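Novice: Sequence:
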Amino acid sequence: MKRFDLMIDRYQALHFLKAVRAKRDIIVLWMTAIKSFLVNQPTTEAQSEARLSIVIMSMSRLFCELNGGGKIFSISFPFAVRFERGEYTFTSREGVQIDNRVSSQIIALVESGTLQAADFSHFIDPIIEAVDVDPLLWSLFRELMLAEDAYIRYDWDLERIDGHRHPEHHLDLYYSQGSSFKIGLRGELSHDMMVSILNIESDCHYLRPALE
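Note that full-length UniProt numbering gives residue 10 to position 10 of the sequence shown, counting from 1, and the numbers run on in steps of one.
Worth flagging that the hints you see were computed from the coordinates, not collected in a lab. Keep in mind that this is a model prediction, so the values were computed, not measured. C-beta: ideal position from N, C-alpha, C; glycine also. Wrong hints could be hidden among the right ones.
Stated by the list, open to error - Calculated lysine-lysine pairs in the DSS-like style (CA-CA distance at most 25 Å, straight line):
id, residue 1, residue 2
1, Lys23, Lys35
2, Lys71, Lys18
3, Lys182, Lys23
4, Lys182, Lys35
5, Lys18, Lys182
6, Lys71, Lys2
7, Lys35, Lys2
Stated by the list, open to error - Per label pair, the in silico range of CB-to-CB distance:
id, residue 1, residue 2, range
8, Met57, Lys18, 26 to 32 Å
9, Asp132, Ser196, 42 to 48 Å
10, Asn199, Asp162, 27 to 33 Å
Produce the complete structure using the sequences and hints provided.
Specialist: Dropping the structure here:
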């Protein structure tokens, strides 16, 4: 298993505190995480507000730990990662290298409303304009749209406790309103435990029905 960790400050962490509601949010998270690692300027422990981790095993995932461990979310990370001579290199599965320029172009496409476009021309026109500048952008954008994101989040939520319906400690699976559901936990979940749960090479964890 390979693991790359990066401590980030309050300003950087704001990008990862935003609610995830749709695939467009996942694509922005992927690109923002890549940007953070490319800059590779970890903050001091005293100033750190969050920790990003890329964990590469049989599957590859991005983890983000926020609020002192009170929130940890993880998504798949469908990119090859290399770290040589103090620098990171990210490549998509179809071979497109993702640098700061490419990641900014992808974020601009998403934030232009492309994925919410009701009219086909409003979807395709910004993509055509972007591809005129960089022909490889369509290959990458298509790959990101089709990639499985496998979103899961751990929450330590003291404000909305409601018995077994909203336990103090719980996992949220998926993010869209029609698919999301919770799994209650008996106690706090650490970053390393979260990695273990999602590592298919580790022993399985077990669920049990709620006890009245």
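Novice: Next, verify each hint and record whether it holds.
Specialist: Evaluated hints:
no., hint, verdict
1, Lys23 with Lys35, "holds (19 Å)"
2, Lys71 with Lys18, "holds (12 Å)"
3, Lys182 with Lys23, "holds (20 Å)"
4, Lys182 with Lys35, "violated (31 Å)"
5, Lys18 with Lys182, "holds (19 Å)"
6, Lys71 with Lys2, "holds (23 Å)"
7, Lys35 with Lys2, "holds (19 Å)"
8, Met57 with Lys18: 26 to 32 Å, "holds (27 Å)"
9, Asp132 with Ser196: 42 to 48 Å, "holds (46 Å)"
10, Asn199 with Asp162: 27 to 33 Å, "holds (31 Å)"
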